[in-house]
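J.: Sequence:
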Amino acid sequence: MIPLLILGLLIQNPGAHGYELLALMEKRHYQYIVSFTKGSFYYNLQQLEEKGWIEQVQQNPSTSGREIRSYKVTGSGMAEFEKLMVEYGTKSEYVNLQFYGALLFADEYDKNKLLALIQSQIDQTRARIALLDAYLSNSQELPGTIDYYRRMNENSLSHHLVNLAWFEQLKTAIEAIEGPVA
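Under the numbering used here, the first residue of the sequence shown carries the number 703, and numbering increases by one thereafter.
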């Protein structure tokens, strides 16, 4: 998904350099959508350039003596952006698929350890809710516009609130059957 994010940001910000794009990803909290590091970001940026989907923009040399590479999306990069939009825009996945997979074998697992796993999900979900609350309380949709990222985060918050309630109910039900954790 990192290539889609880079291409999209370059379409929004033609002529941006790598550091600007990375800063935008961090400022907009894209790490909530996809896990990335500085290294994975620059690796993907390099791959996009090698594939001809982005190219460097001619610019004046920096006064600091450092080479600053600014980029723009190429024609084939626009085609790749379109392809990635369809690829990711049509995917639908369960939020906690890995946890659900582990839960399939809950009866074969130590109940105290299972309760610890559920508590881990509760803790992680509360942390995500706190991040979303912080973002949403510091942003607003301007009249006459649609802020898709904000709306996506509002939707994500709703999902996490439902998940939190379910995890807490599940933990309570297991404790009621098995008794409290020793």
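There's no promise every hint is true.
To be verified - In silico DSS-like links for lysine-lysine, alpha-carbon gap of 25 angstroms or less:
#1 753 - 740
#2 873 - 815
#3 785 - 815
#4 729 - 740
#5 753 - 774
#6 740 - 813
#7 785 - 774
#8 813 - 774
#9 785 - 813
Calculated directly from the structure, the hints in this document are not laboratory data.
The model shown is predicted, which means the values in this text are computed figures rather than measured ones.
J.: If any of the earlier hints don't hold here, list their numbers in rising order.
T.: Going through the list in order, the structure violates hints 3, 6, 8, 9 and respects the others.
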